[in-house]
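Participant: Chains as they are written, first to last, in this note's numbering: chain A, 58 to 376; chain B, 58 to 376; chain C, 58 to 376; chain D, 58 to 376; chain E, 58 to 376; chain F, 58 to 376.
Once the Cα atoms are required to be at most 27 Å apart in a straight line, the calculated BS3-like pairs of lysine-lysine come out as: (1) E:113 - D:141; (2) E:318 - F:272; (3) D:107 - E:107; (4) E:162 - E:195; (5) D:257 - B:367; (6) D:272 - C:289; (7) C:337 - B:230; (8) F:137 - C:113; (9) D:337 - E:272; (10) F:318 - D:311; (11) E:367 - B:272.
Simulated DEER-style distance windows between Cβ atoms: (12) D:267 - A:235: 52 to 62 Å; (13) B:351 - D:175: 39 to 49 Å; (14) C:196 - D:230: 40 to 50 Å; (15) D:175 - C:362: 53 to 63 Å; (16) C:348 - B:369: 49 to 59 Å; (17) F:182 - A:358: 47 to 57 Å; (18) E:179 - F:180: 54 to 64 Å.
Interface residues of chain C toward chain A, partial, derived using beta-carbon atoms under 10 Å: (19) 68; (20) 69; (21) 131; (22) 132; (23) 133; (24) 134; (25) 351; (26) 353; (27) 366.
No lab work stands behind these hints, which were simulated from the structure alone.
Everything numeric in this text was worked out from a predicted model, so none of it was measured.
Backbone N, C-alpha and C define an ideal beta-carbon position, used for all residues, glycine too.
Protein chains: 6
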Amino acid sequence: MNQKGIRHHQIGDTFDDFMLIKSATKGVASNGKPFLTLILRDQTGEIEAKLWEATKEDEQTFVAEELARIFGEVNQFRGKPQLKIQSIRPAQTTDGVKPSDFVEKAPVSEEDLMERITEAIFEMKNPNLQRITRQFVKVYQEALLTYPAAVKNHHEYVSGLAHHIVSMLNLAKQFKALYPELDQDLLYAGIILHDLGKLKELSGVTAPSYTLEGKLIGHIPMMVEEIGTVAKELGIEGEEVTMLQHMVLSHHGKAEWGSPKPPLLREAEMLHLIDLIDAKMNMLNRALDKVQPGEFTERMFAMDNRSFYKPLFTDHYTD
Amino acid sequence: MNQKGIRHHQIGDTFDDFMLIKSATKGVASNGKPFLTLILRDQTGEIEAKLWEATKEDEQTFVAEELARIFGEVNQFRGKPQLKIQSIRPAQTTDGVKPSDFVEKAPVSEEDLMERITEAIFEMKNPNLQRITRQFVKVYQEALLTYPAAVKNHHEYVSGLAHHIVSMLNLAKQFKALYPELDQDLLYAGIILHDLGKLKELSGVTAPSYTLEGKLIGHIPMMVEEIGTVAKELGIEGEEVTMLQHMVLSHHGKAEWGSPKPPLLREAEMLHLIDLIDAKMNMLNRALDKVQPGEFTERMFAMDNRSFYKPLFTDHYTD
Amino acid sequence: MNQKGIRHHQIGDTFDDFMLIKSATKGVASNGKPFLTLILRDQTGEIEAKLWEATKEDEQTFVAEELARIFGEVNQFRGKPQLKIQSIRPAQTTDGVKPSDFVEKAPVSEEDLMERITEAIFEMKNPNLQRITRQFVKVYQEALLTYPAAVKNHHEYVSGLAHHIVSMLNLAKQFKALYPELDQDLLYAGIILHDLGKLKELSGVTAPSYTLEGKLIGHIPMMVEEIGTVAKELGIEGEEVTMLQHMVLSHHGKAEWGSPKPPLLREAEMLHLIDLIDAKMNMLNRALDKVQPGEFTERMFAMDNRSFYKPLFTDHYTD
Amino acid sequence: MNQKGIRHHQIGDTFDDFMLIKSATKGVASNGKPFLTLILRDQTGEIEAKLWEATKEDEQTFVAEELARIFGEVNQFRGKPQLKIQSIRPAQTTDGVKPSDFVEKAPVSEEDLMERITEAIFEMKNPNLQRITRQFVKVYQEALLTYPAAVKNHHEYVSGLAHHIVSMLNLAKQFKALYPELDQDLLYAGIILHDLGKLKELSGVTAPSYTLEGKLIGHIPMMVEEIGTVAKELGIEGEEVTMLQHMVLSHHGKAEWGSPKPPLLREAEMLHLIDLIDAKMNMLNRALDKVQPGEFTERMFAMDNRSFYKPLFTDHYTD
Amino acid sequence: MNQKGIRHHQIGDTFDDFMLIKSATKGVASNGKPFLTLILRDQTGEIEAKLWEATKEDEQTFVAEELARIFGEVNQFRGKPQLKIQSIRPAQTTDGVKPSDFVEKAPVSEEDLMERITEAIFEMKNPNLQRITRQFVKVYQEALLTYPAAVKNHHEYVSGLAHHIVSMLNLAKQFKALYPELDQDLLYAGIILHDLGKLKELSGVTAPSYTLEGKLIGHIPMMVEEIGTVAKELGIEGEEVTMLQHMVLSHHGKAEWGSPKPPLLREAEMLHLIDLIDAKMNMLNRALDKVQPGEFTERMFAMDNRSFYKPLFTDHYTD
Amino acid sequence: MNQKGIRHHQIGDTFDDFMLIKSATKGVASNGKPFLTLILRDQTGEIEAKLWEATKEDEQTFVAEELARIFGEVNQFRGKPQLKIQSIRPAQTTDGVKPSDFVEKAPVSEEDLMERITEAIFEMKNPNLQRITRQFVKVYQEALLTYPAAVKNHHEYVSGLAHHIVSMLNLAKQFKALYPELDQDLLYAGIILHDLGKLKELSGVTAPSYTLEGKLIGHIPMMVEEIGTVAKELGIEGEEVTMLQHMVLSHHGKAEWGSPKPPLLREAEMLHLIDLIDAKMNMLNRALDKVQPGEFTERMFAMDNRSFYKPLFTDHYTD
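So here's chain A without its partners, still in its complex pose (with noise of 0.2 Å):
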């Protein structure tokens, strides 16, 4: 396995190890001949490759999702690495490498995530909350272990939506401990519901696209009439099943932002706010881990296009 990552690669460097096709797409060379541009990614980022004079077998080998072993070298085209193949050849089963191990994964096991969301459910003192909450966890159990939290931007990584849920709940556990008013049962069922939605949204774990469904409906109103579905199925009326499909619908906060109707709960507020603060931290955290103190991040898209500095200072007095 990939002892040091594409990430840590610079121009000029050979490299030689396996990797994990993300996507593969055929062109036509001005010579006339075929030729494969491949994304290909391990656990520390990715690289475009052109895979030059592709044999129609090539074609048929080198597909999506798939691992390979990569001779080559580091080249830069219009400011971006780029991976120039020398020889190229599909893992076997004796090379002892699986698709898992090239990809980004939440630092914090399944096992410890598991066991906050069910601890979170477990304080619930409202019995209609807390039981379709657990039903929707009982069902997607597997799903919600290793999903991204989204395509891009923030918890893309496997196992990122269990990530993202497991901190919001320990935001919601502090905001709780600082303004006693807020209802702890509706914000809890409300952040592990919240993006629930995008186990159908999305089309798997380690290479997500959108679904039919998740293009023309979209996750928050999947959820909202999944949640009435289960509500009947368990037997539970009242105004809890309402409160709980309002907190989905509206937690993104804005019409124009995907929420039909604006949080109207103080919990949904919350809730919102919570989800906010959480994937800035993530997007946030990433992004300044890869400068060095004294420079400015590359530009964030999901943070209004703005480059974030990271001071000198702050490596003197705090750990």
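Position chains B, C, D, E and F against the provided structure of chain A, taking the given hints into account.
Facilitator: The following block gives chains B, C, D, E and F in isolation, referenced to the frame of chain A:
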């Protein structure tokens, strides 16, 4: 019953007739005595009235949805007509008046509206779309035939929703003739179902307000959920269900107008436009009806606050 | 003449046929030698082509609006097809090809379009509106029957403007049937004249660009002025002239879309909507024609950059 | 005639003088008796007045544009001064008062304004621009010298339009000195003609309202049309006509402010800015005149609702 | 002193107690006699009152910031309560009432607030940030402990600013625990200083208005300047000063909300969010306190004009 | 030195002259060899150049701010000119060329600019405004006379800032003559100081970039702070200081353009407009200089992306 209608009274006229109480609010006058502010209506319009020195009994007798016989005079207060009540008594069984005589109604009978909707369903060839649509019409028939299409702005009268649906079906039939690429079944199903969520969003027919679910969830996600539920009950699966949910979800056209997804089907785009055209024509025709050739209408909030002109010449040549 | 059309060629195909040169731009290659970038078109579409090592004579021969016989191969450059020219020669009289065979045309003949427009004018009862409209059609007949309705987006083909007008007249006829309050004469006159300013705003039929007057004044104010002039020439005075000018002036619907006044007549509002519907259906139908059921169209700039879905099921039940 | 002016009266003051009736509206008081709400004005400002228990004769006598002698007291109603009429009589010939004494006028005489405009035309070297401009001034001279520049906000007084034109000509002269690249003729012609469409958009001088053509077409397209007509009458062709039409068309600067084309000539951009500067200085000077140093003006709608501050120190050093 | 508070009075109640005059405005009644409109307040809220037939002496006695004993009756005027004064007298020394008893205060004592702020400063490790922060707290201690955080919307009560700061410090402590990458010193310093400019922007504690400098410069640039000045006085240079100025400058989040630079530091982004959360929770809690379960709050201007719902079920399970 | 200037070279021309290196970036070619992308400039403009197969020594020799003699050929790459370097050597002392010969400069000498600024300060009567202004000019004189007014768009050349100030002073003098109500001292002081913060916001004269303080604080708040500091140093207090800070703070006109307060003084409004006019005229004149009569300029980003037209007729009549 009122021969003439409140809309036709002039400032200074004596008034002596039955009216429906739309709302009743208590106040205390500058002399310290309680009074009632009544909003009264008949088929031609509304007027505010003051019942000075109201007794406890008055407060309990003259409440919303009740009928009363009123004698008084039409005055003016801040530029708007106001009815000064000189005597008032509750209507009695022997008066032979009923609330439904005092509200505005669609210019087409419930029977004719039902017939046209049934006919459209009958024309549908796709069994999935047809069965779902028929099921909704069956379950909601009574409300569907009496509810207004909205609380204000357009088709805001008894049977307004069905009137709006039928006008839209007629438009759709013509569109299909001119643009044969349109899928008529999808368009018909979308038209009949697009606003049915309002039957749960609004509280009733005579003086509709928003229900709790209407305020927190809204008719669009409510209807998307219910299409899912009905499809499951009927054992229908497949793209038609998602397409129909998308038609309803997207019919407001834009996220900021309440549709989390914009129209992404040819028929969804047309549904949005047909809805717009019929709502606008309904508003325009009713506003222009109230003015003389050569005059401008009052400003219309739902038409971007525009004031429309009624030309002088149209009478001469067109019928 | 081209049997198959450029749109139907695949990457790697050999090409050998006549094409119309839409534009020709000179460049200098990295080896210091001049080359020509040609945009070529036939009735089915366009393709970019490179003529390497172009001579002075090539530059003078292969210019916009000329026809040429080309032999070459369809390659791909940055994800888009590109024609690599191996040999090229100008078309000669004996080749029997003419430019008009290489441009897209409306699916209805000029005769049929003219007939329908004439019929509409004949139906008009208001003599003032009728005379002004007839005068414009008489003066501009030739251009009116050949111009496109726009440089891009919708009806951007030969006779596109007349095709658009006729579709709109058909819609208007149906609208009048459903909403008899509409003044048909005003609507018909508005439809026929609304975009005639484009005959002066655009430079021609085959490869239209904007004229100086088009850039600095625009087709809407130009047409408002010309209606005034024509009315004076015909000795017509009165409200009809102002109403007709208003119809044209307001047909883009909003100031930010180029109409200094929004529609303030019932018919002006409908003209704006009818224009919108027909432009959208024209764009949607042509984009959906290019994809298979189950696919999404390419993003459409003039439809808010949306990508539309073509359902799988529509084939089964509707014809 | 009024020695002091209504603007200088305090709450509680007795009032006894002639005033011009700007508008008169009938109402019915809570005692059932009719009254008149009069808006009265003199050269210093306006006040609302109530004539209680108005007779039929009063209604016919005290109408807009008439003069009346009024005796009463200045009260306050909802924070604004109101004149309580104790007696009122129509002005008679022998009173020696005339309407033009009761309206605000430009601080420069009509003769001086005309002289400066004539001088500017005389300075023009381009015969085409000069002839068109001279023709407009000749035809509209009387209205041009008396109309206000707007119904409200800036230069909204008698001769306001000519006053605005002359200030702008003075600014343009200085701009030409500082930026010699400017074409003075085009700028002068644009300044003189830019708002002449208002002579048809507005109904008159004393109490201007919008004409039907003003409401449905607007002064900008009306003037573009008329420049075309005048040029044709004078037999002038060529770029100057289009440029001049563009100057007028674009002088509001943006589509959402009523210019379908933004300025695309250096002189058009400057015309827009000169118009802006002079309108703003006119509003600012008049608003700051009404307050003392150390105070803020009232909020000014046409200045983005800002309230401007008048510094204390300016008196000390500048003259 | 007031046992019950004006907020708890019903329409029709007799009122007999001391109140603080917040503002007093003179008017003239329709009978020509002067009256005073007083805004009165106690710790529970405000009410408008009318003192009819006010004498010159009344005008001089009953002015803003004074206390008065009032006997009267609670009436209603245009849907809002109004106090009809039957007798009034100024408070005297012997009455034993003082203005500070009649204004709303933070629910935490000044001592506790000061202790928590001191503790936070003590926890800071970066000497530059600590010294600057300590200096500000030392210089402004008195005002800091008494000023409101704003004129309206949130924490608009005595000690509101310190209350807001302390809540934010508590939130920041929890954020640091969950996101250890945050620089606690920078966050603490930013929180304590972010709104101190309001001590100069606002005129005082009891009835704050904006100072001239507040209106023309605003608290953000004023504070940026003062941080620079204090740093120079303390002889502190380096990145910390700029970072702290940036924290203050950017804490409104966007240019259109008054921050010429958006947050470009991780801690600046969090400061903005923490400020938002605490302001929103303060507004929400206070608005929801005033309504019963099952009701909606009044519309809240600073929460995008939303009306929040208080669920029925929360009472049952959570404490 | 370059006789002709890079701007006047055509595609295909041979080039042999000195140029200033504005920036140098390393890349790796598809053959794996390093190359340098150089941006080169002289007084007439810029060009991109490629130095293929660059050695380590080349990388160290050809860096920003150095001069080099280059022999090569002007080619075209993606529609833009590109210089293909055939030989290159660093300039030597004996070549007699210096960087300042290769940058664009204001068309007025530093001495004349300084004289006009000094004259304006001399004309000021208010001693407080005069002393503050004089102090700034004294301290920053050197930078003030050499810095550009901006990194791009307008006056982006050596002495651009002073050139802009002097043009604005000339405009202000004329404005004062036409609108005597303006306080000339405040306007002059505001003009001279409004952009001085750029001396700290930008890194230097020849190839300016933004400083850290410039990025995080910006020139407007930096200058507001410094005016406060200078006033304190000079012992000046009073409204003038606040007014001057307001002039600088508000000169961008709107919050979204970087002014946390909009202009609230007559002179602040005029400062904003004068700044706008001079920036626009500078951009327009330079863009129109590059095109022939009858042509449009390239699109100008800072002019709302407009392309301006240069009329044909202006040459004939005006000098």
